[in-house]
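Student: Given the structure of chain A, go ahead and fit chain B onto it with the hints provided.
Protein chains in written order, with the working numbering: chain A, 1 to 115; chain B, 1 to 258.
It should be emphasised that the hints constitute simulated quantities derived from the structure, not laboratory data. Some hints could be false.
Below, computed lysine to aspartate or glutamate pairings styled on EDC-like, alpha-carbon distance capped at 20 Å [unchecked claim]:
(1) A/Lys-21 <-> B/Glu-24
(2) A/Lys-83 <-> B/Asp-16
(3) A/Lys-21 <-> B/Asp-16
(4) B/Lys-132 <-> B/Glu-122
(5) B/Lys-132 <-> B/Glu-161
Computed from a predicted model, the values in this text were never measured in an experiment.
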Amino acid sequence: MADPTPTTATTPDADPHGIRKDLDKPAQLVVVFLAVLGLALVNIFGSQAMGPGKFALPFQLAIGSIQATLVGYHFMHLKQGDKVVILTALSSLFWMGILFVLFLGDYMTRHLLIG
Amino acid sequence: MSAKHNTPALKHHFEDLGQQHACERLGIWMFLATEILFFGGIFGAYTVYRLWYPHEFEVASSHLNRTIATINTMFLITSSLTMTLAIRAAKLGNRGELIRWLFATAALATAFMVMKGFEYAEDFHEHYVPGKLFNDELAAAQAEIVGKTEAEAKAHQFKPERQKWAKELAVQTQHKGVDSNKVQLFLCFYYIMTAIHGIHIIVGIGCILWLVWEAWRGALPPESYSTVEAVSLYWHLVDAIWLFLMPLLYLAGAGYKH
Chain A
1 MADPTPTTAT TPDADPHGIR KDLDKPAQLV VVFLAVLGLA LVNIFGSQAM GPGKFALPFQ
61 LAIGSIQATL VGYHFMHLKQ GDKVVILTAL SSLFWMGILF VLFLGDYMTR HLLIG
Chain B
1 MSAKHNTPAL KHHFEDLGQQ HACERLGIWM FLATEILFFG GIFGAYTVYR LWYPHEFEVA
61 SSHLNRTIAT INTMFLITSS LTMTLAIRAA KLGNRGELIR WLFATAALAT AFMVMKGFEY
121 AEDFHEHYVP GKLFNDELAA AQAEIVGKTE AEAKAHQFKP ERQKWAKELA VQTQHKGVDS
181 NKVQLFLCFY YIMTAIHGIH IIVGIGCILW LVWEAWRGAL PPESYSTVEA VSLYWHLVDA
241 IWLFLMPLLY LAGAGYKH
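If we strip away everything but chain A, and leave its shape as in the complex, we get (with noise of 0.2 Å):
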């Protein structure tokens, strides 16, 4: 049966289903664009400087986890995520976690063997 009530916003501010109560604020989405950017050219130009060894690949890929974290947060929205999705998102990394951990401690022990 129909619902006689109508819904419908009446004035253009009205926001019946909450859907402007996280808007984000184009300021704060320019700053983080502006970080995410720096942290790329950092790890471009810091990678170039540095050259290839044992800490290259630590920096490299300390810069892209903070990188990722950024836009997961703010451009993905985790900063205003049901804990569900928040559980789901970290859930993914504790999985490629074990995949990591399992073959790496595999393949990376094999010349351990003996007799």
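Tutor: Just chain B, lined up with the frame of chain A:
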């Protein structure tokens, strides 16, 4: 029946729009989790070989075009901003702005693919592709410096048709113990990883253009902003994956001294 049911955007099996949007968000995040695991497997394979053959991976990476990769990184990061601004416009019900931001995102993504096309074309032109092209190019350069010492090989004037990478790699394979097969292994990772990422970009462009069409015909009212958000979540993941592909592929050999 709840008064909240009175909006065309609400699917019949949801109580209200809040519940519907939460379910849509969770659904796309579940999909993203599978994508993260998919790329995780590829990153894992790369990690094993990078740890086994670090020198060859650095040598191979040093011949990639970092200028194009840097420009492409700028394109993708900027497209993440424009996509997020599109969600904002969708929430505000500003159709013109929504279409503009979506078009900007699609244009940046297309620019990324065009640059990637130039890069692949350059690699093929230089025969920097695993297989026969690579082996023939390298063998020709190696044949010119057979029997020379390292100093003589470095000072050798190669024929002008020899590619720069082949000249440097010929010296390294003959005097520094670099295994050309492992260099080709890196190139296999480079082509597979960038191609899979490129396919994701093309899918993303398709989804964004579909959103443009939907917005154009007025099918994306503020109540349906979560459709834009679903595509944007996918798009940001594609961007985030590039933020790791860039250092793993292009920066592995940054600053390498030949």
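Student: Output the numbers, in ascending order, of every earlier hint that fails for this structure.
Tutor: none
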